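J.: Each chain, letter by letter, is given below.
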Amino acid sequence: MRLEPRQVLAADGTVIDRREPDVSIVAARYAAMTEARLYDRKASALQRQGRLATYAPYEGQEASQVGAVAPLAAEDWLVASYRDAAAMRFHGYPWKNLLLTRMGDERGGRPPEGVNATPPSITVGGHMIHAVGIAWAEKIKGTRAVALTMFGDGATSEGDFHEAMNFAGVYRTPTVFFCQNNGWAISMPRSRQTASRTIAQKAGAYGLPGVLVDGNDVLAVEEVVAEAVERARAGEGATLIEALTYRVRGHTTADDHQRYRAREEAAGWLGKDPLERVRLWLERLGAWDEALQSEIESEASRRIEAAVAEAEAVESLSAGEIFDAMYEDPTGPLVAQRRLAERSARWA
Amino acid sequence: MRLEPRQVLAADGTVIDRREPDVSIVAARYAAMTEARLYDRKASALQRQGRLATYAPYEGQEASQVGAVAPLAAEDWLVASYRDAAAMRFHGYPWKNLLLTRMGDERGGRPPEGVNATPPSITVGGHMIHAVGIAWAEKIKGTRAVALTMFGDGATSEGDFHEAMNFAGVYRTPTVFFCQNNGWAISMPRSRQTASRTIAQKAGAYGLPGVLVDGNDVLAVEEVVAEAVERARAGEGATLIEALTYRVRGHTTADDHQRYRAREEAAGWLGKDPLERVRLWLERLGAWDEALQSEIESEASRRIEAAVAEAEAVESLSAGEIFDAMYEDPTGPLVAQRRLAERSARWA
Amino acid sequence: MGVMTLAQALNSALDVALDDPRVVLMGEDIGKTGGVFRITDGLQRKHGSQRVVDTPVAESGIVGAAFGMAIAGLRPIVEIQFMGFSYPAYDQVISHVARIRSRSRHRFTAPMVIRLPYGAGIGASEHHSESTEAIYTHVPGLKVVVASTPENAKGLLLAAVEDPDPVIFLEPIRAYRAARGEVPDGRYLTPIGAGMLEQRGSDISLISYGAMMRETTEAARRLAGEGVSVEVIDLRSLVPLDADMVVASVEKTGRAVVIHEAPLTGGYAAEIVALIQERALYSLRAPVRRVTGWDVTVPLRLAERHYLPSASRIMSAARSVLET
Amino acid sequence: MGVMTLAQALNSALDVALDDPRVVLMGEDIGKTGGVFRITDGLQRKHGSQRVVDTPVAESGIVGAAFGMAIAGLRPIVEIQFMGFSYPAYDQVISHVARIRSRSRHRFTAPMVIRLPYGAGIGASEHHSESTEAIYTHVPGLKVVVASTPENAKGLLLAAVEDPDPVIFLEPIRAYRAARGEVPDGRYLTPIGAGMLEQRGSDISLISYGAMMRETTEAARRLAGEGVSVEVIDLRSLVPLDADMVVASVEKTGRAVVIHEAPLTGGYAAEIVALIQERALYSLRAPVRRVTGWDVTVPLRLAERHYLPSASRIMSAARSVLET
Ligand SMILES: Cc1ncc(C[n+]2csc(CCOP(=O)(O)OP(=O)(O)O)c2C)c(N)n1
Ligand SMILES: Cc1ncc(C[n+]2csc(CCOP(=O)(O)OP(=O)(O)O)c2C)c(N)n1
Ligand SMILES: [Mg+2]
Ligand SMILES: [Mg+2]
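Protein chains in written order, with our numbering: chain A, 33 to 380; chain B, 33 to 380; chain C, 2 to 325; chain D, 2 to 325.
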């Protein structure tokens, strides 16, 4: 296995060892990453104001998230986690839904019809095998759809990661395992999570290819994912991708990361900012200036603010409605309990 | 990783590429394997007579079982499975106890004080992490004891295998993971259990060394285990050993293996019999003849028959006694239930 | 129509279910061997190894993958070899299978069946005799049914496959071959949520399910011989429960015994007793008694008989209820 | 002696427990951060990273490794971050931790503690509000205790560590900082198996545990204002249960409400009701009522208030019991 992560754009915005990328694509990714960052900041701010419950910021991981879903077609599936709001958004899962979930409204978990993305997984590890089952079903149904699942470095320690990878290997399901190795699982550094040198090399245990990529390089991420998606569509099975990136903020808005890591560590990673290198490259080509930046930002902000307004306009579930989605047809006890709950709500 | 399994004695009893082994050791291993085989046959026969419940025969795996425990000291731990009766016996767990468990008496699970072996694991997968915890405890206590755990090829698919290996890697626990790859997990051939070429290579996912060994070659098995035990004792951490062997009989006495595998397959493996090659070598050295064989067998049979007699002389647990080992001090409801159970037993 | 064992009835149900191209069977050794209990015998040969899938030894993976399939529109039926091996998959069941509908407000659902052979009495090894239905009946979002006869085994299994929600399907191991009876051909559904009034009576209600129906009806038969008029209920569906049937019965008889083989403390019988107490307290002429397994690990073969409720234990509980 | 929060009391208990060189703490993020709820704050610094061990994200591994340590003579105390993340370890708990004593007829034992922060009411994400004690109380071989005050939190935890058998230790998340009270210094034990008669009364018994004690005592206070004489029991230990205390109370009052936040069906309240019904039926002047969470997935923050039993729901149940 290659131990050097795949790169297209170096941190200083220069292209490494290949033909220049397509400007319009790069510009689109830049716009998406900008929107992602603005959302992340907005959500963090909303949380501080008490308008969201907790929030898991992904700052620093925008390239991984945008790059991971860029190669997916609409019929492909995304099975992602609590920190993957940007990836989900760019696979069609609305900001509004993501906000609703974070506000504490289960209707966030219901994306529009046609969006093939499951609600963000809150448990660590359990969702990867779902992407195996989904991909397997698509194979059985004879579609060309694949499933991509996103998870962290910590998630690879769960037994379910192992079973998911093993099933994908045995049944050659069209699954892409996309690990964002952001260096930390809450307070646990990657080096203490597992004694293997890389996460990518774990693929070898399942007869699957493992790929290491610079997770802060959106073009490189997109490239390796596109290759994995192609492999999957061609019936050649699954791939494990390890995107090396960094969690710039705390684990969630409730976490104080200064308790367990040195400030300097983050500083090093800030120099590898996923947006900056793209901006530099675009600027060098004359495809970026301050005016464009403002335009991108105001467009993005408009969308984000609209989503916030929409989400906040939703009336929270009534006492009766919490009984509505347990079964297709509520059972007898649920009907009775619902009546009681509505009565207490009226009294309260 | 080496893809050629380590060998000392070839199937024809010739020594491969190294100095000749010590005759007295080889003779001892031959005697142990002979006793193991006789026990296996005896237990299978007892089962057919209805004197045991079910039994999981290990014929063909005697070298793996005898070789795996030969390097262990008395204070080392063995954490093995339902098919590892021979390994357990040669680590001090009496045949009598193994028989009792198979007869359906929980007192089989209580080996004599000083025998550091846990009762055979019936669930697949869950016990490997126990060997990690035990080894870790010994490390914390500052002893030099190691823990060896035995499991099958099928067991490596369980999530608990992964978590056990990962913990062993992270904490460098003095654990030896000994996988008897006998080609089958009930009706599932090894090739469908996982898409990895070998089980041994799975060690790479945890930063641990993986070793492939001819599991029908008792001297080779003993050698690789001795190395792994030394590594563990020296504080260098765990090793995964894959012993290539073959389950000659059905999964258990209740299994009809002709439903899922061709007779010819077994035939090929019979030519690699773990006892025969040792016998040939000993014979060539003049250290074996028919008389010796009879002597070994009658000694072994005597021990086995004595164990059978002892086990069958045990009176089965009374109605009251089933309440005796739930807690150190039985709780109130257990005391009351015990009284009821004793009363019903008197009536029945 | 034909006489079948319970095992054969299940095989027939699965065969019928596989007519639906969305149905996929998954489990350890369910292919060529037809499963530990031969419930899937011949189905892989008939329907192919894409539809009847042998899996690695990984229960969480099996249930999790089946769950993914269900989300993507298939109707998986999972076999776990023994209920005692379902625990590695418990997280998948409680955290995902039972919740995807509420988590996604109906957008994604998990119409799948998890088949669990359960119960003691065959002298099996440790973990092979479990009856831990209580860890499933307590989970909102699941349905839990228990077969007891060849006929309801087939009908309930086909109903479970058609159900839009996940169903935990318990199969009484010791009835697999012991229970024989007429089983209709083809497709028919035994409704989930409806109990079965096995026998009408007016003195006492015996309430049970699954494998314990045999001892329960045996006790009823013997009590009848003593002149007692016994009502017998086979719950069949634990969630949702046919509470009205239970309550109506106890309102009539005023006395009841609830029977299961799971341990007493926190077993499902407690829920039945609580229900009776809540809705029919004033009809009760004596405390409802629970006859259950003890609060111990199910003993191995030689002491197993001390564990399982026997017809005579049920009878003596019934007598004491009748005498108070 | 000093005033502490429940969280601080637990921290103090762990600190004391670590005096025993056999005690090892294990869990995710329990080291430098001191755990999600800071229960282990400062302990790694004080006792070293060999005794207070940060683990990978792998609950089955944590419990399984701790179990191995216990077999080999240590006394591990495991922290699972939230009860909702304990399910991946359920197999280890039910198949091994709870059974090694019976499997080996006392030769090997698992004297270990599994700490589970539990309960709703803090507006957390999905899976962070679970109250699934019923899946543990049904397992023979385990003890299950629930802290409710700083004082009993420390005393019960120290008793759990000394217990020769495995203890599931439930910590009420919403009381971590809300509950404050005097806590003795050093080592003291609150006996496992003994309930706490919080308040004597003669008209009705309110029976609960853990986080719901707050709403329960609040309801009792308000009912007292209406002239009702309320007896309040904090069970503290679910297994083994102080059945005599419960029965004696209901024999006196003739009326009872059992309260917990877990869903109704198959919740532990059913066991309490069944017990009362069995041993005190003739004292009952009205059906015992259960006030519990509903049979739904605990709602997220915005609708959570519709789920948790409130003091007024308890009161109205109590009133209806008093009126019948
Ligand atoms: C089964 C389970 N165990 C523990 C947790 C608590 N938890 C939430 S996130 C997290 C760390 C995950 O780290 P990683 O997989 O690297 O993802 P990241 O947060 O870095 O994106 C933990 C332990 C959980 N949500 N689920
Ligand atoms: C958790 C669990 N799942 C399933 C089983 C049923 N089972 C018993 S042995 C076995 C196959 C194990 O194969 P392998 O690990 O290769 O060991 P072998 O039997 O070949 O020695 C299975 C599936 C079990 N005992 N435990
Ligand atoms: Mg991470
Ligand atoms: Mg095998």
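To be clear, the hints were calculated from the coordinates, so they are not data collected in a lab. None of the values given here were measured: they were computed from a predicted structure. From the three backbone atoms N, C-alpha and C, an ideal C-beta is built for every residue, glycine too. Check each hint, because a few of them may be wrong.
Below, simulated DSBU-like cross-link-like pairs (lysine-lysine); rule was C-alpha separation at most 30 Å, straight line [unchecked claim]:
1. A:K173 with C:K47
2. D:K33 with B:K173
3. A:K304 with A:K74
Covered stretches of chain D (in silico footprint by chain C; criterion: 3 or more residues with CB under 8 Å from a CB of chain C, positions within the stretch not fixed) [as the list claims (entries may be wrong)]:
4. 91-102
5. 127-137
J.: Which numbered hints does this structure break?
T.: none
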